[in-house]
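K.L.:
The residues making up each chain are set out below.
There are 2 protein chains.
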Amino acid sequence: MAKGIIKLKNAPAILCAASVVGKHESDGPLGALFDFHDKDDRFGQSTWEKAEAEMQHMALNLAMSKNKISITDIDAIFAGDLMNQCISSTYGLIAHDAPFMGLYSACSTAAEALILSGMTVNAGYFKRTASVTSSHNCSAERQFRTPVEYGGQRTPTSQWTVTGSAAFIIADDEGRHPRITEVMLGMTVDYGITDANNMGAAMAPAAADTMIRYFESSGLGPSAFDLIVTGDLGFEGHSIVLDLMSTKGYDLSGNYNDCGLLIYNRSSQDMHAGGSGCGCSAVVLASYLLKLIRDGELRDVLFIGTGALMSPLSVQQGGSIPGIAHLVRIKGDA
Amino acid sequence: MAKGIIKLKNAPAILCAASVVGKHESDGPLGALFDFHDKDDRFGQSTWEKAEAEMQHMALNLAMSKNKISITDIDAIFAGDLMNQCISSTYGLIAHDAPFMGLYSACSTAAEALILSGMTVNAGYFKRTASVTSSHNCSAERQFRTPVEYGGQRTPTSQWTVTGSAAFIIADDEGRHPRITEVMLGMTVDYGITDANNMGAAMAPAAADTMIRYFESSGLGPSAFDLIVTGDLGFEGHSIVLDLMSTKGYDLSGNYNDCGLLIYNRSSQDMHAGGSGCGCSAVVLASYLLKLIRDGELRDVLFIGTGALMSPLSVQQGGSIPGIAHLVRIKGDA
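The listed protein sequences correspond, in order, to chains E and A.
My numbering puts the first residue of the first sequence at 145, with every later residue one more than the last.
My numbering puts the first residue of the second sequence at 145, with every later residue one more than the last.
Just chain E, same shape as in the assembly:
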């Protein structure tokens, strides 16, 4: 058990999910699968931070509406985002009158929220929980790097913070749904990366660490799964994971992908190394991956949220960028 796999015997259901995105995400290959998008990324708000909060508000409302659930049916919300003091979650969900647990695990927060939702529903503490996360390109860029309006040059390894929010309703429900059967908590891994424009390299070792712990503990190899998917490593991090895993004797070349690669079209959209952010893995799972699982095209998936635990201040003070990767095993109920 210790530092290993946590089996969720009751296999909590992912009852429903919803995704809300911005223009670039809507223009990407998964565009038709998102529940709502806004062409100017403002969502009717006067600031980027308020726009991000509004996305969380909409995502949770949309997810609940899909199963005709009201907020009184939700026993707990697990939520987080990238903003200082997680204000997108606070303000976005303040109208949703439910017990609230704030989380911070950088871009892996969606996976952390699903882990805690899965564990608490599986144990019978809650009948239904909501897991809500978000990121917004304009609020994130001005907080972590420079305001988008400044027009700074981007490096080839830089990723594009996804404008998006997703909400998942995890429930003790007997119907046919995708189910969370196992979870594994991430451990902080620090390879000494200090370049805030190369998040993929900072997070890749954490993803490999979690995969290796999972494969060693379970006795299963990569081929046991229809898909192994990381959260937002992008081209740089995806390629590093393939190399790191290869040196450990694991061949991931057949069934490993990354949400940061899936969300944009590399040839027609200028997103450099791919998507990133708290919303990236969340909206790809909520739209594309859960659809494939429901349709029976994927039966067994390792969803591995990846996060870079940095702040602008820690980088200015010479700190490295540690990574973390939380694992959620999702099976189809076909």
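Worth flagging that the hints you see were computed from the coordinates, not collected in a lab.
Please note that the accuracy of each hint is not assured.
No copy is singled out in the list; a pair is fine if it fits within one copy or between any two copies.
[Claimed, not checked] No more than 30 Å apart at the CA atoms, straight line, and that leaves these computed lysine-lysine pairs for DSS-like:
no.: 1; residue 1: 183; residue 2: 475
no.: 2; residue 1: 392; residue 2: 435
no.: 3; residue 1: 210; residue 2: 183
no.: 4; residue 1: 392; residue 2: 183
no.: 5; residue 1: 147; residue 2: 212
no.: 6; residue 1: 271; residue 2: 147
no.: 7; residue 1: 271; residue 2: 183
no.: 8; residue 1: 271; residue 2: 153
no.: 9; residue 1: 210; residue 2: 147
no.: 10; residue 1: 392; residue 2: 167
no.: 11; residue 1: 271; residue 2: 151
Only a predicted model underlies this, so the values are computations on that prediction, with no experimental measurement involved.
Mind docking chain A on chain E? Use the hints.
P.N.:
Showing chain A alone in chain E's frame:
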């Protein structure tokens, strides 16, 4: 169950705890009870942020050493702090090689960590967890208000962010220990307070909301407990809670206190409305309150962590300061 009390049937033990504080906390009435203090608040580090991280590192090491536990005995760490992107927890605990769940619930993070530790140990997912939180006066003041070196005038309602960190080891253990018997998650409450120098007023309605939900669900009144203690409301917030609860018919005058009042000496220390911060409730519980529970002087305590979910940016954009309050019921095992 919904939005109510979660009973922890196995009553996880608070196996041990440790506290690390700065000079002012050491000079206060609880000074002799803290495990370690540093006279210049720097803890041997070159920046205030690194000093805060070092406090978390020391607090967890001290807590583990009290029961001769090594990090390989810890199945999960639940940790958080007030810094942007929770860097005190990331960097402070990076040397502790254990599964890591990052939390953010402002100054109520210690209670949130104890809730999640209690729930996961009670369910048998983990044998032992660590709950670690911190705040540092100098890192918090320069992030949320102005750098201490600037020497700004403080308002009468302003509180003093506690320099302190505490770690708690929660365990499935049969010995005689204080035990977590019930928890209740907080709900975000917004009374429209916009003054970042009056946190007590912003958090008090959330504390009252949680108390009322608890008393109504449990059928117990305030007199059932030896002590009801909030996290960091200070004089202003403490007095507001007494008033709010009185209007609802609950008399708290006999057994209600606040960690922000306990930690400093109001007559000899110039701390205005009292202590606050992620470390405030954590170090008071880890030192003073757990001692009274172990000694049999307190047998049944409602520990209610209080948090103000604001950021400087949200205040600048005209946002109000919502509050939240998480409840942990701790009983002596005498």
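K.L.:
Take the hints in turn and mark each one as holding or not.
P.N.:
Going down the list of hints, with the structure as the test:
no.	hint	verdict
1	183 to 475	neither (34 Å within a copy, 55 Å between copies)
2	392 to 435	neither (32 Å within a copy, 49 Å between copies)
3	210 to 183	within (23 Å within a copy, 57 Å between copies)
4	392 to 183	neither (44 Å within a copy, 48 Å between copies)
5	147 to 212	between (38 Å within a copy, 19 Å between copies)
6	271 to 147	both (27 Å within a copy, 11 Å between copies)
7	271 to 183	neither (36 Å within a copy, 49 Å between copies)
8	271 to 153	both (15 Å within a copy, 18 Å between copies)
9	210 to 147	between (36 Å within a copy, 22 Å between copies)
10	392 to 167	neither (40 Å within a copy, 49 Å between copies)
11	271 to 151	both (18 Å within a copy, 15 Å between copies)
Consistency note: the structure conflicts with the earlier hints numbered 1, 2, 4, 7 and 10.
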